[in-house]
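Starting from the known structure of chain A, arrange chain B on it as the hints suggest.
Chains as they are written, first to last, in full-length UniProt numbering: chain A, 1 to 66; chain B, 1 to 249.
Possibly wrong hints are sitting among the right ones.
To be verified - Quick list of in silico lysine-lysine cross-link-like pairs, DSS-like style, CA-CA up to 27 Å: (1) Lys-238/B with Lys-91/B; (2) Lys-16/B with Lys-42/A; (3) Lys-16/B with Lys-91/B; (4) Lys-91/B with Lys-42/A; (5) Lys-42/A with Lys-238/B; (6) Lys-16/B with Lys-154/B.
Don't read these hints as lab results, they were simulated from the structure.
Only a predicted model underlies this, so the values are computations on that prediction, with no experimental measurement involved.
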Amino acid sequence: MYFDSLSDFFNMGGHALYVWTSFGISLLLMAANILLPWWNLKRTRAQLQRQLRREAALNTSATTAE
Amino acid sequence: MWNWLKTLYHRLGSPKWFYQITGSWLPWFAGATLLFMSVGLVWGLAYAPMDYQQGNSFRIIYIHVPAAFLAQSVYMMMAVAGVVLLVWKMKMADVVAQALAPVGAAMTFIALVTGAIWGVPTWGTWWMWDARLTSMLILFFLYLGVIALREALKPQEVAARACALLAIVGVINIPIIKYSVDWWYTLHQPATFKLTEKPAMPASMWLPLLMMVLGFYALLGWSVLLRARAEILRREFKAGWVREILQRK
Numbered sequence: 001m002y003f004d005s006l007s008d009f010f011n012m013g014g015h016a017l018y019v020w021t022s023f024g025i026s027l028l029l030m031a032a033n034i035l036l037p038w039w040n041l042k043r044t045r046a047q048l049q050r051q052l053r054r055e056a057a058l059n060t061s062a063t064t065a066e
Numbered sequence: 001m002w003n004w005l006k007t008l009y010h011r012l013g014s015p016k017w018f019y020q021i022t023g024s025w026l027p028w029f030a031g032a033t034l035l036f037m038s039v040g041l042v043w044g045l046a047y048a049p050m051d052y053q054q055g056n057s058f059r060i061i062y063i064h065v066p067a068a069f070l071a072q073s074v075y076m077m078m079a080v081a082g083v084v085l086l087v088w089k090m091k092m093a094d095v096v097a098q099a100l101a102p103v104g105a106a107m108t109f110i111a112l113v114t115g116a117i118w119g120v121p122t123w124g125t126w127w128m129w130d131a132r133l134t135s136m137l138i139l140f141f142l143y144l145g146v147i148a149l150r151e152a153l154k155p156q157e158v159a160a161r162a163c164a165l166l167a168i169v170g171v172i173n174i175p176i177i178k179y180s181v182d183w184w185y186t187l188h189q190p191a192t193f194k195l196t197e198k199p200a201m202p203a204s205m206w207l208p209l210l211m212m213v214l215g216f217y218a219l220l221g222w223s224v225l226l227r228a229r230a231e232i233l234r235r236e237f238k239a240g241w242v243r244e245i246l247q248r249k
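Okay, chain A solo, but in the shape it has when bound (with noise of 0.2 Å):
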């Protein structure tokens, strides 16, 4: 390691509120950016299943019906 101890490395000479900042935010975005669209493809599947399946019912009480 770079640093003489962990402490330092947190401390990061002086800078640690520019670094660890920076680093936060852009972890956290792609973190997102990941995290959000895989979410969303669940929700999708999960929704156009729940379609599919209200469909085939209407079919068959249509069907039932006559």
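Then chain B, alone, in the frame of chain A:
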């Protein structure tokens, strides 16, 4: 090689093929993202030597440069997808363009914010209307414009063409970003890396940066595929193969 590329192009143009093949690509993109990012982060933050002038705030380079790099290349990809849509009417190009816009906007935002934070200890200011900073801000607004345009216009085909056109016209900003540091040199330093020259920093500094760039590209691929796959399911809901997939799970 050429024929292989041509086949790939035609296959990727089919939503069904795209959806099926990218399903097997996802774990690779995910793995590459986590691998390169963790190696790059640990190496860049803890092991790379600090800059003797800037001290440890120099480490911001490990996200600032890859983000700024991707911000521009994602925009160019979006414009290329726009050309493919307008010239060859390939619908999948629009799906990809739509998936590219949010990641591109996020990358531009990251580049702007980390640049501002880095500016405080290094330049003594977080913002100045320097040509590089201004042209990057314009890039951010171009991304927001493309995203808003898609929301605003109906039907989908009209929105797709309008977004493609805006993306293509906005490409004019890319060479301005690139050469801004040479044409109007006020605050931002010129490029640190050139393809034709050896890097002006030791390998212990640029190798972690290379890892981060690879990690960012993998993350881009992962994110774009996730968004594109959801969009394919929505757009192709009426198609038989989508219904089959939905019924299977």
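Consistency of the hints with the structure:
With a C-alpha separation of about 16 Å, the suggested pair Lys-238/B and Lys-91/B falls inside the 27 Å cut-off, and the hint holds. Pair hint Lys-16/B plus Lys-42/A holds up; C-alpha atoms about 18 Å apart against a cutoff of 27 Å. With a CA separation close to 12 Å, the supplied pair Lys-16/B and Lys-91/B stays within the 27 Å bound. At most 27 Å may separate the alpha-carbon atoms for a hinted pair to count; Lys-91/B and Lys-42/A meet this at roughly 23 Å.
The suggested pairing of Lys-42/A with Lys-238/B holds, with an alpha-carbon distance near 18 Å, which does not exceed 27 Å. Between the alpha carbons of Lys-16/B and Lys-154/B the distance comes to roughly 24 Å, so the proposed pair stays at or under 27 Å and holds.
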